[in-house]
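Protein chains in written order, with this note's numbering: chain A, 6 to 354; chain B, 71 to 376; chain C, 1418 to 1744.
Check each hint, because a few of them may be wrong.
[Said to hold, decoys possible] According to the in silico footprint, chain A covers these stretches of chain C (three or more CB under 8 Å from chain A):
| # | segment |
| --- | --- |
| 1 | 1477-1488 |
| 2 | 1535-1542 |
| 3 | 1612-1625 |
| 4 | 1709-1718 |
These are calculated hints, taken from the structure and not from any lab test. Source: prediction; values computed, not measured. Heads up, the beta-carbon is just placed ideally off N, CA and C, and yes, glycines get one too.
These are the residues of each chain, in order.
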Amino acid sequence: MFLANRVVVLAVVLLAVVMIGFTITRSTGTPLYASLGVAVSEAIIEQRAEEMGLNEPIVVQFWTYLTHLLQGDLGVSRISRIPVAEDIALKLPATAEMVFFTLVVSFIWAIPLGVRAGLRPGGRLAKLGEGMAQFGVSVPAFWLGLLFIFLLYFLPPRINFVIPVIDLAVGPFPPLFPPPLGRLGGVDPPAMVTGFYTVDALIAGDFRLAWEALWHLILPAVTLSLTSGPPLFRVTRTAVSEALASPFVEAAYSYGLGRRTVLIRDVLRNASPPVLNLAAMTFGYLIGGGVLVEVVFSWPGIGSYAVWGMDNSDYDVVLAVVIIAAVIYVILYFIVDLIQFAMDPRLRD
Amino acid sequence: MTTTSPRRERRLLARALVGPTVGITIRRSLFFFMLFLAVIGPWIETIGQWIPMPVYDPLRPDPFNPVSPPSAEHWFGTDTLGLDIFTRVIVATRVDFTLALIGVMLGGGLGCLAGAWASYRRGWVDMIALRIVEVVQSFPVLLLGIALFAALGSLEIFGPVDNGMAVLVIAISLVNFPLYLRQVRSVLLPLTEAEFVQAAKCAGLGAWGIVWHHFIPNARGQILALFPLTCAYAIQIIAGLSFIGLGIEPPNPEWGSMIKTGATLIVQGHWWVSVFPGAFIVLSVYSLTGFSARSETLVGPGGTSA
Amino acid sequence: MNSGPADGALLTLSGVEVTINTLSGPVHPLQGVDLEVFPGETVGLVGESGCGKSMTLRSILRLMPPGGAITGGTVEWQDRSVLDLDTDELQTYRGSEVAMIYQNPVTALDPMLSVERQIVDAFKANREVLDGAPEEFAREALRDLEFGNPDAILKRYPHQLSGGMAQRVNIALALACGPSLILADEPTTGLDMTTQVRVLDLLEQQVHARNAALLFISHDLRAVARVARNIGIMYAGRVVEFGPRERILTEPSHPYARALLECVDLRTDERPRSIPGLVPRMTEVYPLCAFRERCVSRMAVCDEEPLPRHELGGRRRLLCHLGPGHD
């Protein structure tokens, strides 16, 4: 019942998402002017409009777009003449890999600190976590990325001085991270299997390449994690402290179960659904929400692609990215429901 | 459970009580300072004549002084055109604050009304409202902004209002509408069954009367708590869109577009062009979030990764 | 003032004080609790809500809420001091020696775990050697609590149990640990009348079958009078009167105990009356009698001297200036 309900909602929301995305980008007359400029004759505009199907009623246009979409046809880029779907198939893995590693980084800091802060509120690590959360909420990701590039790529080779008294020469150091120029530094990418360079390089048995790919991933992932991790930290903290305060935890202690057992068996288990829920939502959100970080690190993902489309008035590209990102988000939302369903016995009835 | 001694507990408690209060006082003072900057922005040159402070015309390039590092003449340095960053960062405060405020008030106001209406009518009205929220929130904020600019960016339909600013305000409203709708709904939905609302219905108070006299006062606390957070969020969105060239176009001073100018310079070591405008964004957001003790509520996943 | 552990007592509390630091200042729910429980006996504690009944049980298990600590007195288990146990010893003591049954049976069970898992885990934590599969023990534990079809119940999750079933599962869990003392914190409060009687009977029967002692607390004097041979009356964080059931029910000495009895006339089912005045706030420490503001027998000495303690023999004890034998 619960599932059937969610599937219907999923279908309705997906349709509405495509419709709104479509309406926003195509309902106005701009695409024509945008693609041709204003100084062209009426006849050319007319002919072009006919070609693009813009003279049809909007409903018919939408129907055409929708049927094409269902067949995996997202239109053709006006600039590169490459089908948008092909480009997205290349660029989506780049974004997905970056977002995946973002979550990996968040699982390294935000969730352990959240657990700790929930277990011992007011403690030193709780303070550290709250400080990082405050910082992450206040700082714009794209600016943080630039700061990292300056401090960790530009600066180390230029540190070069001598400590006077002990006569110790400091620096120059090699850059800690590569220049912000995409996924690999001028090396050929591994043969495409999953589209994740780290994974593909490992499959190809090329450890150097895998390391190279990972090295390029770290800064964008850390940047995105610091700015998207605070909600994860806070939700973990709340979930853990709520679970800790529940009567069944006290009851478990009263039966003589050890602290470790109670923490893992009861507290973490009961705290995990909201955390995993938010982690999945964060993943879905960042697929389209990491645009600016992609731009800063010249990351060839769908976000940069959308910006490129925007700059060139290539609006089928923009539309496709918007719809893909929203659809991924909605589908993840649905998967989150499935996870909840699997984890929480109360939902299964 | 039994490991903490009462003394340690008391100490933690004291810290928990005193810590945030001091921090929040600092943040609130910081906010009023930012507000002050936003107010004086346009008259900064006049003020520079009274107070010894190197301020310049924020729009007049100095071709002999491009990309010069921070100095006594240019506290925050200059950019590629030789524009003074210190002056421009201050002038930009008003732009960012105003656009954020208008956008949040517009979208938030409509969201509140819609949320109150949905809670009052319940049933299918409420369901449709929820679906709308769900659909709008499915779009990543920045992509939504990009799509809006693709649609409206080159239309001159807003009369005397700057086109980019108008679209920014629309984007901010669109993002805030579902946030306020949800918040208001979550407070009010349980209230529709409350006795005083039923009593008011029986007394013949109309729908809008109930919304106005009973719902709005009840949701006020929640709305006020959300307001500074969403304003902070809006500032980040504005700066983010301007960073990819949407919204406020150079050379008009705006933090995001100033960071964009510096983005290519930072790999050459010219850090000041980007760093100072970004620091002002951080200060604004940080000071604004000091007005809400419950900063957790900030807009869900990746809410601020603008 | 505090006497040592009584000879042969399973559990002895003397002068136990608990302080909880909350955001709005310290609270003192226990201000010197004295209590003994002997092997195999059933003791009842009665008092209004907020008098420290539940906190007494928690201090026996050393389970303090956040910010709470035992700040005075001693808790002795046989001849060992519970307050000096280290983590491992405490873990053995909880469950194997003393186990607790909670007030709200549904929330005392982990919603994410099956009944089987919870019973089996409690088993494993407390029984070093098991001859047989723990699942078999779990099934047996449920059968003891008169579940007709234990296999089906074992597979269930807490939300699939009714209140009465959940409380029987809780009892099974507590008994599964094999303790010699069971603490019961208002175990029947949320249940309907017929279920209350059934659960109470089962609890009594099973505790006796295992020769365990039972410390039963309730605000309901009727329920306590049903099961307990010895009854303590709690007021403002102290046990103000303690004695055999017959004494307490027929000729209580403490004015509060008398007022309580008048409220609940055991012979009729009339609506209980209430005692005039307010329950004292536990944010204060009361060195003098905390009941004197509401007391009908208040004397000048009540406002001047700390509470005296009268040991009356036959395990009777009284904390009151009136002393025994007045009328």
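These are the hints, each one checked on the structure:
no.: 1; hint: 1477-1488; verdict: holds (count 3)
no.: 2; hint: 1535-1542; verdict: holds (count 3)
no.: 3; hint: 1612-1625; verdict: violated (count 0)
no.: 4; hint: 1709-1718; verdict: violated (count 0)
Hints 3, 4 from the earlier list are contradicted by this structure; the remaining hints agree with it.
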